[in-house]
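2 protein chains.
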Amino acid sequence: MAERRPAWCYRRTSDLTRDEAEALDRADELAAFRERFVIPDGVIYLDGNSLGPLPKATATRVAQVVEQEWGQSLIRSWTDHGWIDLPMRVGEKIGQLIGAASGTTVVADSTSVNLFKLLVAALDLRPDRKAILTEHGNFPTDLYVAQGLTALLQCGHVLRSVPATDLLTALDRQVAVLMLTHVNYRSGAMHDMAALTRAAHRVGALVLWDLSHSVGAMPLRLAADDVDLAVGCGYKYLNGGPGAPAFLHVAQRLQADLRLPLTGWLGHAEPFAFEDLYRPACGIARAVVGTPPILSLAALDVGVDVSLQTSMLIVREKSLRLASMFIALMESEPGFNLLTPRSADLRGSQVSFAHPQGYAIMQALIKRGVIGDFRAPDVLRFGLAPLYVRFVDVWDAVSTLRDVMRENAWHDPRFQQRRSVT
Amino acid sequence: MAERRPAWCYRRTSDLTRDEAEALDRADELAAFRERFVIPDGVIYLDGNSLGPLPKATATRVAQVVEQEWGQSLIRSWTDHGWIDLPMRVGEKIGQLIGAASGTTVVADSTSVNLFKLLVAALDLRPDRKAILTEHGNFPTDLYVAQGLTALLQCGHVLRSVPATDLLTALDRQVAVLMLTHVNYRSGAMHDMAALTRAAHRVGALVLWDLSHSVGAMPLRLAADDVDLAVGCGYKYLNGGPGAPAFLHVAQRLQADLRLPLTGWLGHAEPFAFEDLYRPACGIARAVVGTPPILSLAALDVGVDVSLQTSMLIVREKSLRLASMFIALMESEPGFNLLTPRSADLRGSQVSFAHPQGYAIMQALIKRGVIGDFRAPDVLRFGLAPLYVRFVDVWDAVSTLRDVMRENAWHDPRFQQRRSVT
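Quick note, the sequences are listed as chains A and B, same order.
Heads up: the first sequence is residues 1 to 422, going by the numbering used here.
Heads up: the second sequence is residues 1001 to 1422, going by the numbering used here.
Pulled out of the complex, with its shape left as it was, chain A reads as follows:
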């Protein structure tokens, strides 16, 4: 068995051999988790930051929900199989993954819709303030939702967007809520959640963290960091399936005064009383709006369960090692500009490189079974999900990338032309 080597080691380990990578896998305490996922033959899957792969238990569970619960028990499953409690039950599990207190996290709607709900709630809790502060290049849906909301309210609210480096100076007493994505979808850069939350609180602002690119990939400490509000995605590192429902978190101390704009029947204090007047359910349960998509929610439940079977500390440690190795192996490859911070404290669970021919390179990689993804104009993203990505996968991915670069005529002007019509 290979001895474990510290993560920093790989910064200069561009000469790591494939055997050494395999040895690291043999020593990996998460190695067995890979067996819980369907990873197709010939595929190196480095896109779990976009859509996590299928946990093997999910097919069985979804079939059971479809054939037994829906098919045989029909409407009775809302109570007999606990469908009605699923949003709270799965939310509670996600709460454990993100270090949130019990009763603060629930599954509902999509990340976009949840952002809308919590932005409205934040503005309502800070009625004298008009600014939503965010950073340039935040995930588009976060920006779009805030734009849509300020246009809707027509009460002088503004979305103030600044470069990340200016966030602290832009945090003033006009800011009602600081809305940030914890890990940037494009670069993989990670914010210091505790520090920014403290800074926001110092000026009386709330924080709304989008955890889409961090939940399931690292330990989070929402309670300890005193986070007010958060949302996140179920289909990336939580492996909940395509378009899995999202989640949202509201700190206990804010729940009594929490007013949400989407007041659906399932967030009512007594949904089955069918009253004419809305009365919010107690606590976070009011954030459920309409009837949740049970098949997708059941799949999310299974994905979350897989993550709960290990420690996010172990996941994070392997994630950093995988990324360090990826970065180190790429050092010798010219033309790739690393976008992800090198410091472990400053990055999430992906590595991103800019390359002028990024789109074509990614297409060529995908053809050879190395699945990452491309973000315009020139970013190659590689997600490193420790539950199923092996050290040898990173080694093979970089090796394939080298082959691609060697074999293709990226300098050919005809190629440039093809690219432009894609």
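FYI, nobody ran anything at the bench for these hints, they're computed from the structure.
Remember, it's a predicted structure, so these values are computed and weren't measured experimentally.
Think of the CB as a built atom: it goes at the ideal place given N, C-alpha and C, for glycine as much as any other residue.
Incorrect hints may have been included.
With a straight-line cut-off of 25 Å between C-alpha atoms, the simulated SDA-like cross-links for lysine to any residue are [what the hints assert, rightly or not]:
hint, chain 1, residue 1, chain 2, residue 2
1, A, K367, B, S1073
2, B, K1130, A, Q147
3, A, K56, A, D305
4, B, K1056, A, Q147
Computed Cβ-Cβ distance ranges for the label pairs, DEER-style [as the list claims (entries may be wrong)]:
hint, chain 1, residue 1, chain 2, residue 2, range
5, A, A195, B, A1151, 31 to 39 Å
6, B, D1025, A, Q68, 24 to 32 Å
7, A, D41, B, A1031, 44 to 52 Å
8, B, D1345, A, Q68, 37 to 45 Å
9, B, P1219, A, Q68, 33 to 41 Å
10, A, A224, B, L1277, 32 to 40 Å
11, A, G335, B, R1259, 17 to 25 Å
12, A, D85, B, P1040, 17 to 25 Å
13, A, S343, B, A1376, 57 to 65 Å
14, A, A195, B, L1277, 46 to 54 Å
15, A, A195, B, R1221, 56 to 64 Å
16, B, A1376, A, E29, 50 to 58 Å
17, B, A1344, A, Q252, 51 to 59 Å
Fit chain B to the known structure of chain A by using the hints.
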């Protein structure tokens, strides 16, 4: 083969025999559709107005989406298996069922969230008007969403709720939008969509119809009736599965000026350009907000396909006959107060009765395999979905109800006590 008898016939046919009911089933041109659904042995399922049963093809399709599309093709399925187009594709199919023009219907979110989106759009299209007009006893989520919205906007908007009989007189030039559910969830009473839409248009108001209890159970003519806006549910008569995504409709003539408040990344003109500024997608596609729950959406697709394989005219005719028969057979049963209008023009696809012991009676029925449902305080609802409910089911359901009434001591004061703590 039994001759088909006109629907009115059963109003006085409380002496119809079981053999005669079976003969009607043998002559039923929809009879073969029942084979496409899983109906558990010993169950008479009269709750399809709450949750439609499982189409047999759904289990196969969902397994394929899970195991092949997600499991094997992973992220590539967004394009290779057309996930990205599913909201528009399934929406287009639903558009056919509701008589809407092409390009006016899309699947997204829940009915509640879609109500919110379209109410905002309606108020935006009628900026000088402050009233949302609806009726007492509309489905709670419709009322709650409107209440949440008026509270959010704080611009003097009001939800004006009147008895159904007062709708026409309440329709004045302060009304921005008339929001009604086509078929009442409790009584099964049906509005005249064409007439009310005309009346609203006469005073310059828009209409927003909630089709949750009519889509899939009858022909609808949204284009011909000049309906502005509509929403509807996927898990009732569309048999899309528990919490299936909902749909919404916006008439073509309103789409150019359509401003929706929930501006998510998937409603952007170019989602994969990841621009910082929101630009709405062309037409109805902008109503998609976040990433849709694909497993649930694929199940909905199958359910909709089943309905598309017949004519809603045929479905409606059988629905009326089933209901007429149910009502006729119940005439001899004392203590049940029919809530559903007797006139075919005034009712949807369910029959409802009030009975002081409604809750306990429904529990007893369910125990014997006759699954309807109960709505407080005293309503027994029986959904009559013509694709799988047989005439003999209606006969057997009423027969079981008679047994229940004969065998139980509803007059026993101890029972009254039990009921009150339920």
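To see whether the hints hold, each was checked on the structure:
no.: 1; hint: A:K367 x B:S1073; in the structure: 12 Å, holds
no.: 2; hint: B:K1130 x A:Q147; in the structure: 24 Å, holds
no.: 3; hint: A:K56 x A:D305; in the structure: 12 Å, holds
no.: 4; hint: B:K1056 x A:Q147; in the structure: 44 Å, violated
no.: 5; hint: A:A195 x B:A1151: 31 to 39 Å; in the structure: 35 Å, holds
no.: 6; hint: B:D1025 x A:Q68: 24 to 32 Å; in the structure: 28 Å, holds
no.: 7; hint: A:D41 x B:A1031: 44 to 52 Å; in the structure: 46 Å, holds
no.: 8; hint: B:D1345 x A:Q68: 37 to 45 Å; in the structure: 41 Å, holds
no.: 9; hint: B:P1219 x A:Q68: 33 to 41 Å; in the structure: 34 Å, holds
no.: 10; hint: A:A224 x B:L1277: 32 to 40 Å; in the structure: 36 Å, holds
no.: 11; hint: A:G335 x B:R1259: 17 to 25 Å; in the structure: 44 Å, violated
no.: 12; hint: A:D85 x B:P1040: 17 to 25 Å; in the structure: 23 Å, holds
no.: 13; hint: A:S343 x B:A1376: 57 to 65 Å; in the structure: 59 Å, holds
no.: 14; hint: A:A195 x B:L1277: 46 to 54 Å; in the structure: 29 Å, violated
no.: 15; hint: A:A195 x B:R1221: 56 to 64 Å; in the structure: 60 Å, holds
no.: 16; hint: B:A1376 x A:E29: 50 to 58 Å; in the structure: 54 Å, holds
no.: 17; hint: B:A1344 x A:Q252: 51 to 59 Å; in the structure: 54 Å, holds
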